[in-house]
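One-letter residues, chain by chain:
Number of protein chains: 2
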Amino acid sequence: MTSSPSPSDASSAIEELLSAYHDLNPQSVEELHEEPSPLEFMRFVAQNKPFVLRKGASSWAACRRWNCEYLSEAMRGQSVKVALTPMGNADSVLALPDGAQCFIKPFEKEELFEEALAHIRSQSSDPSYKGPVRYAQTQNDNLRDEYASISPDVPSSVPFARIALQKDPENVNMWIGNSHTTTALHHDPYHNIYAQILGGKHFVLLPPIEAPCINEKTLPAATYRPRNSTAPENAQDLVVQFDDPPDTAPFACWDPDNPSVNTTAFSHLSRPVRVTLAEGDMLYLPALWYHKVSLSCSEEGICCSVNQFYDMDFSGPFWPMSGFVRSIGLSAIGEKQKKEPHNE
Amino acid sequence: MTSSPSPSDASSAIEELLSAYHDLNPQSVEELHEEPSPLEFMRFVAQNKPFVLRKGASSWAACRRWNCEYLSEAMRGQSVKVALTPMGNADSVLALPDGAQCFIKPFEKEELFEEALAHIRSQSSDPSYKGPVRYAQTQNDNLRDEYASISPDVPSSVPFARIALQKDPENVNMWIGNSHTTTALHHDPYHNIYAQILGGKHFVLLPPIEAPCINEKTLPAATYRPRNSTAPENAQDLVVQFDDPPDTAPFACWDPDNPSVNTTAFSHLSRPVRVTLAEGDMLYLPALWYHKVSLSCSEEGICCSVNQFYDMDFSGPFWPMSGFVRSIGLSAIGEKQKKEPHNE
Ligand SMILES: O=C(O)CCC(=O)C(=O)O
Ligand SMILES: O=C(O)CCC(=O)C(=O)O
Chain A
1 MTSSPSPSDA
11 SSAIEELLSA
21 YHDLNPQSVE
31 ELHEEPSPLE
41 FMRFVAQNKP
51 FVLRKGASSW
61 AACRRWNCEY
71 LSEAMRGQSV
81 KVALTPMGNA
91 DSVLALPDGA
101 QCFIKPFEKE
111 ELFEEALAHI
121 RSQSSDPSYK
131 GPVRYAQTQN
141 DNLRDEYASI
151 SPDVPSSVPF
161 ARIALQKDPE
171 NVNMWIGNSH
181 TTTALHHDPY
191 HNIYAQILGG
201 KHFVLLPPIE
211 APCINEKTLP
221 AATYRPRNST
231 APENAQDLVV
241 QFDDPPDTAP
251 FACWDPDNPS
261 VNTTAFSHLS
271 RPVRVTLAEG
281 DMLYLPALWY
291 HKVSLSCSEE
301 GICCSVNQFY
311 DMDFSGPFWP
321 MSGFVRSIGL
331 SAIGEKQKKE
341 PHNE
Chain B
1 MTSSPSPSDA
11 SSAIEELLSA
21 YHDLNPQSVE
31 ELHEEPSPLE
41 FMRFVAQNKP
51 FVLRKGASSW
61 AACRRWNCEY
71 LSEAMRGQSV
81 KVALTPMGNA
91 DSVLALPDGA
101 QCFIKPFEKE
111 ELFEEALAHI
121 RSQSSDPSYK
131 GPVRYAQTQN
141 DNLRDEYASI
151 SPDVPSSVPF
161 ARIALQKDPE
171 NVNMWIGNSH
181 TTTALHHDPY
191 HNIYAQILGG
201 KHFVLLPPIE
211 APCINEKTLP
221 AATYRPRNST
231 APENAQDLVV
241 QFDDPPDTAP
251 FACWDPDNPS
261 VNTTAFSHLS
271 RPVRVTLAEG
281 DMLYLPALWY
291 HKVSLSCSEE
301 GICCSVNQFY
311 DMDFSGPFWP
321 MSGFVRSIGL
331 SAIGEKQKKE
341 PHNE
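Line order of the protein sequences matches chains A and B. The numbers in the UniProt record's numbering rise by one with no breaks, and the one at position 138 of the first sequence is 138. The numbers in the UniProt record's numbering rise by one with no breaks, and the one at position 225 of the second sequence is 225.
Errors might be hidden in some of the hints.
As the list makes no split between identical chains, a pair holds if one copy fits it or if it spans any two.
[What the hints assert, rightly or not] Below, computed lysine to any residue pairings styled on SDA-like, alpha-carbon distance capped at 25 Å:
1) K109 with R271
2) K167 with L24
3) K49 with D243
4) K49 with E115
5) K49 with S37
6) K49 with Q166
7) K109 with L96
8) K167 with P38
9) K105 with F242
10) K55 with E300
11) K167 with G200
12) K109 with P226
13) K167 with S37
14) K130 with T248
15) K130 with S315
16) K109 with D98
17) K167 with N25
18) K49 with V275
19) K49 with D168
20) K49 with N25
21) K49 with I163
22) K167 with E40
What the hints contain is simulated information worked out from the structure, not anything from laboratory work. Keep in mind the model is a prediction, meaning the values are calculated, not measured.
Could you put together the complete structure from these sequences and hints?
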């Protein structure tokens, strides 16, 4: 007797999901000018909603003290890990000459901090610079480790986040680079409190619900290696080497800044949100938000940021539901590709 | 070159969703013995996680004062809306003699409060009682309206909820019935703060993610009407009348207390959570949780509860993702029914 509701297929359910989300959520990042209380912060966490706190880090010693001279002085004689790439493309998708794609990781090199800094600055000021692009970053708690001598200039936690989330940061990361680097679109299973110290950062943000838009593919993993020596002088000394044993990584192949290529059937429904951090600004980037980041330099030719990763809570519906959206998206895209095959 | 990830179909994605959720979440309702702060409450909201606060309402004047004599006295001469059903089955699925199902609503009757109370009590104590089952409830803010004379015995809001959610309750509801009533499995787009005043309430709870388990069907709507008069003396004087103009309602057809019938392909993956409220206990039921409720009586033969509905926030990913799970679930079930047809 009773007919079941007519089953809507996965594609139209995804379209409805995206339009319902966009109807109910702002198309820009909320701007705060005063520090939130832990309760106010928790409301953003509950809504998985980013905000930028203008000047939120400006009272940090790092913001008051850090410049090239201070950093060189404090870090003199210490070596740090630096990501070297030919084009500033660490941890990103690389199109190979044969038309294939891989997930490319940087050549990681241990260098004296002052050498790395000199390279970064010279690329910013010298048009004839031919060396690899350097990004002093590792995302594995390097501030409290390699940069221990200056880490007291950054508060060990951000109180509203620590109190609300009931934990200290899992990772505190230093990022020193120049405008030749871009961090490709990706997401992390952490609440991210991101502070801009020197220069500017430009974020393109996509909510986790847009997983069906980003064209996630499982790509063969490769790493840049120096062709001859361990000290590549020129950018072209870095060559692509597939990982051995072979490995793969799932990665976003769609670029919100080049939205008409590498699309899925849903990419046109993405509504990227852009926000720029100036010196002293702080961004709360909730867990699982996709972000693409580009850099602009201070007068001294560097861009320096610090971020704290706080573990997300995997309980509740958000984590499994996000995985569900991703997996239905992958399957709908797979179906579409089968129905509408085209050369890639 | 690169092969797309193998598309998992909707059914296996739903199975993974349910098992991921259950692996990461408790199989019982957390018990608190002290009132949470607004921040602590907000953490439960963020996780869409219920809790029971034992004795959380015991200091309310309602808990100290209310009994049949006090209520009759305070409400003398006032009439209230009462839901009348033959079997205590208001707002539930009814199997019709021809095998079909409908969504049945109660006969709503305006009665003097003391008359309604006498009926409710006499059914509790008199085995020969033949009248309809009465449940004095309307879910439309009746405490602040029909029961205005006793509504000051209930705090106008629960402070931790009002402060965290930044709003007063949208609805404050009175529920007076006896053990012959059961409230069928359903969910509401509200945060529910539910306080038990007299007798006990027994909740069966399902998280919103279990939408694919509850066998939602769109059923023709019907209402109990008295056969002859407007004052049905006997339960069998109430007959089913389809709504005119015809209407439909989506409703859960699976009963977690009778789990082997009216199933979907996913019902067996449901993990219902049970909790009983004794006098003075308070339950936080997060938005969209499915709940089935049965009643047990105080020594005076009644069961009395009060709840406050706080508007949920539709921004963020939770609301659209919940709709997505529901809609993919309906479509997967529809597909399964097409592939494995059976008589209903
Ligand atoms: O600053 C960057 O280049 C990238 C930052 C980032 O990806 C992160 O903090 O997760
Ligand atoms: O108390 C009952 O019978 C049902 C309560 C309920 O469904 C609710 O508060 O939403």
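Now for the hints, and whether the structure bears them out:
{"no.": "1", "hint": "K109 with R271", "verdict": "neither (37 Å within a copy, 51 Å between copies)"}
{"no.": "2", "hint": "K167 with L24", "verdict": "between (31 Å within a copy, 19 Å between copies)"}
{"no.": "3", "hint": "K49 with D243", "verdict": "neither (37 Å within a copy, 43 Å between copies)"}
{"no.": "4", "hint": "K49 with E115", "verdict": "neither (39 Å within a copy, 52 Å between copies)"}
{"no.": "5", "hint": "K49 with S37", "verdict": "both (15 Å within a copy, 22 Å between copies)"}
{"no.": "6", "hint": "K49 with Q166", "verdict": "both (19 Å within a copy, 17 Å between copies)"}
{"no.": "7", "hint": "K109 with L96", "verdict": "within (24 Å within a copy, 75 Å between copies)"}
{"no.": "8", "hint": "K167 with P38", "verdict": "both (12 Å within a copy, 18 Å between copies)"}
{"no.": "9", "hint": "K105 with F242", "verdict": "within (10 Å within a copy, 66 Å between copies)"}
{"no.": "10", "hint": "K55 with E300", "verdict": "within (21 Å within a copy, 63 Å between copies)"}
{"no.": "11", "hint": "K167 with G200", "verdict": "neither (28 Å within a copy, 38 Å between copies)"}
{"no.": "12", "hint": "K109 with P226", "verdict": "within (10 Å within a copy, 84 Å between copies)"}
{"no.": "13", "hint": "K167 with S37", "verdict": "both (16 Å within a copy, 18 Å between copies)"}
{"no.": "14", "hint": "K130 with T248", "verdict": "neither (31 Å within a copy, 71 Å between copies)"}
{"no.": "15", "hint": "K130 with S315", "verdict": "neither (49 Å within a copy, 48 Å between copies)"}
{"no.": "16", "hint": "K109 with D98", "verdict": "neither (28 Å within a copy, 77 Å between copies)"}
{"no.": "17", "hint": "K167 with N25", "verdict": "between (28 Å within a copy, 19 Å between copies)"}
{"no.": "18", "hint": "K49 with V275", "verdict": "within (14 Å within a copy, 32 Å between copies)"}
{"no.": "19", "hint": "K49 with D168", "verdict": "both (20 Å within a copy, 23 Å between copies)"}
{"no.": "20", "hint": "K49 with N25", "verdict": "both (9 Å within a copy, 23 Å between copies)"}
{"no.": "21", "hint": "K49 with I163", "verdict": "both (18 Å within a copy, 19 Å between copies)"}
{"no.": "22", "hint": "K167 with E40", "verdict": "both (17 Å within a copy, 14 Å between copies)"}
Comparing the model with each earlier hint shows violations of hints 1, 3, 4, 11, 14, 15, 16; every other hint is respected.
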